[in-house]
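Please dock the two separately framed chains into a single complex, following the hints provided.
Heads up: the protein sequence lines correspond to chains A and B, in order.
The opening residue of the first sequence carries number 1 in my numbering; numbering runs sequentially from there.
The opening residue of the second sequence carries number 287 in my numbering; numbering runs sequentially from there.
Misleading hints may appear alongside valid ones.
[Stated by the list, open to error] The calculated DSS-like cross-link candidates involving lysine-lysine, where the alpha carbons are at most 30 Å apart (straight line), are:
(1) A:K162 - A:K52
(2) A:K52 - B:K485
(3) A:K162 - A:K174
(4) A:K174 - B:K485
(5) A:K183 - A:K121
Please keep in mind that the hints were generated in silico from the structure rather than gathered at the bench.
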Amino acid sequence: MPDSTPLDRLERWMQAVVMHPGGAASGISAAGARGLLPEAVRDLETVVTRSKQLTALDRLGIYAEMYSVRLVEVLTAEYPTTRGILGNEAFERGCRAFIARHPSTERTLQALSAGFPQFLKRHLQGRRNARLAVDVARIERAMEEVFDAQRAEPLAFEVLRKIPPDRWGVLRLKLTPALRLLKLECDADGYMTAVRSRRSRPATRARPSFVIVYRHNFRAWRLPVSREQFRLLEALGKGWPIGRAVYASCRTLRVRPERLASLVSGWFRGFAAEGLFVGVTDPEQS
Amino acid sequence: MNSRNRWNLPDLGLGVGLRTAHFRHIVEKWPRMDWFEILSENFIDTEGRPLHYLDRIAERYAIVMHGVSLSIGSTDPVDFEFLGKLKALAARVRAVWMGDHICWTGVAGLNGHDLYPVPYTEESLEHLIERVRIAQDFLERPLVLENPSTYLTFRTSSMPEEEFIARLAEEADCGLLLDVNNVYVTCRNHDLDPFEYLKAIPYDRVVQIHLAGHSDHGTHCIDTHNGRVIDPVWDLYAEVQRRRGNTATLLEWDADIPKFDVLQREVARANRFRDERRVVNG
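Here chain B stands alone, though its shape is the one from the complex (with noise of 0.2 Å):
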């Protein structure tokens, strides 16, 4: 077990998405919470109520940013005007890290606003480490990527998802962000066992966990980010706990957004696998 990350980015606790629905909550009783994450994008191109609340959240609690559009796996150029905006974001909020999704969203300048899967092949793997780098020199900070839930694969692929994310993090030199609920989805929606994908993941370079719900469909799972974690996933979360040791972790909860308090409970629940308690729901 390796408690330590290469950048020794700091194990933050335990911490939740920053929503909409909770802002008044947290500036009226400024509860228990050791971190927020932000979707990047709900803070940029505005200057309205949003970016109000968060300024004054983030005078009291770290903030990590987390984006849905960086799109790094695109064929389309890298947009370097985004950037500046991400890193203007960090820099306003003081973000302890950022960062956002392995896949693509959009190509010949559209956005589909989705997580679309890449191939996992040599050349995609190649593109992707070259506009990490890329990414990484302008924003002059480590990107913290996430395994994203997907629905399908490509016939092309050679290699499994883990192996690519794992030769993407250690030749790009980025941080993983290690989506448990992302695991158990995929492997449910592919026919893999979760444990097997969990030991491909270079340890060293998970900076950040989190935690959700989805939508079973029988079939297939979706990742709603919606209700309570799923006994499963806690499995997965205890098996990475046991390999990783206390990592930051963070409970996505953006579909039938319950009262504050009920998040505080959830997260908590996170405790029962780390060696230091974080208190979150008093």
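This is chain A alone, in the form it adopts within the complex (with noise of 0.2 Å):
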């Protein structure tokens, strides 16, 4: 960088020492921050003071120990349930690993462990309890991100119910953008409950299991629903009318015409009951 200034060197240096994953010592030495400042390898005093107590490594060595323990601070609030499954010298190797991998780039702490449960998937992968881990990982981010997720007025059922059956082929359901469908590969969600309610904890084969994660009354919820359920929720967010939805979802259910209606009928109720729509759009009249 040769235009850049002492200031930005200074700056630059000083990150790439405090952010490297083995510490400030070897921050120091390491190729990022030899490149800005090579004179801090050989005499790191002709860079950074001492005081009358400390070295200064030692003083370095504050804020790269304190940027290290509040990032993973941040991920062990927002993934309680996967820290039990993982132990905690794991879970923390995982977020150090992580955080090395994925620094954050945002000036609030919302977006930075978007990327944590897929980087578990990498990271565990061929572990014990990988499977567990990576889909209760999942759940943990979706309530992080329906949590903050933008508000929007839900959609009272009475509105969906005058809905003329004639007008389904056509309409359009607006889903909250706080909702999250999630496909798991395991029962994640029991797990989860009998964590939560101190029961013993079920087996967790691999077993396809479908989950949706929404905001509440401010606060967020998880619900296992069947795969028709999902499979529904999932085709009104992608814009379909709600007659081929609910067409494209339930086709292959075995039950009577008129039993359908009701059953079709109770999920939507519960939905809207839920918050989960938020509003009715016609294409032909936009």
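This is how it looks when you write it as structure tokens:
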């Protein structure tokens, strides 16, 4: 960086040192920092002064330690059940590896761990409980996301009920931004519920499960749903007309037509009560 | 003693940081408190429960915004998108003033989510003055910037921190949030006399004071915002009060957060040094 100023070089150097996963001492001699301020490798005190009690390295080490501790704390608060599955040490190792690979680029901390479940999937490959840990992490991340998601006024079931059947082929339902649909590889929701209620934890064999995570009354909730309910919400989320979404999600269900109508009506009533629908759109009028 | 600041921003009295742990207590009991300070970033990029509570609380109490990610000392370009979010939040909660720290938090597009010190050089001073002016122009109000706790100093520094801060405030025409706990922590960490530090502060620019607890590790102190304010920090507060007069004073307590009434009692201890007593612990 021939055009960079001394201030710019100093900031980049300090950042490279304090964010180095091996700590400040490793950071100073690592290529990133060494290229910016080579004199610090020879004599750190030409860059950072010592105090009566601490060396220059000790002082840099305070910032390096605080960097990782703070961000691990954030992940620990967001992923309590994932941590319980992996154990404290393995979880912290995973956090530190994640932070080293994906340092924060945002002004707020909300997005810090967005890629953590996906990272864990690679990081834990072949490990016992990896499938469960990743699925639980996905649920915990979704709960963070819906907690912060945009607000939208929910639609009452009465509004849905008044839609004439002949309009189902055209009208679309808008889902709340505070909703996440998760197709999981095991019963992670059942596991989380058991942990929460201090019951014995269910076996978590590989078996697809479906969970929705949403915000209602400013709290994040998770709810296991059937494959058909999941497909219905997924299709509505893609902007399919109501009728097409219902048909696509229920075509494999083996129930009598009159029973199906009552079943689907119950789903819509339940989802509306949880505030999952926030609008009806008519493409013919837009 | 000058009891007014340059902008005639009010002495809000005694306040505490608004923290999640106390949301419910506040909206159920509406306790006595002159004002609340919010951590700006906790209410940005979210429309969930924190903002819901903040909206309610802002209807009854004065709100001041205090941030940790402005990164005014960074050499990265000024982030106008972030400034826009701050401005929108300030309008929403009718913030009496807003500020951040004299520091940088990241460079090259990264954020360490910590308050990193700048070298106290003419180059950094010029850099910060320009950026504070840009931010103030955008926000259409003065920034109230805080002296951070620091754990190292750079060899290239050519002036003491307090002189740097005083010159920055004068030349950028910004306000100051004088954190007396940070003065104590910084001076302990750099073998300095905190009372000498306080002599250099331009008190007509001090809009707000912070009090807090810290962790003393023997060889150094860390600004952890846990526990009560120690007596030497109260001594510094008394000195600032003597020089500045009644000023909006806020207690920060962010780790091992106690019940709200403990905060009320702790911040009310500032009344010992004020000319005008504020009842916030009834």
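Status of each hint after checking the structure:
1. A:K162 - A:K52: violated, 78 Å
2. A:K52 - B:K485: holds, 23 Å
3. A:K162 - A:K174: holds, 16 Å
4. A:K174 - B:K485: violated, 61 Å
5. A:K183 - A:K121: holds, 15 Å
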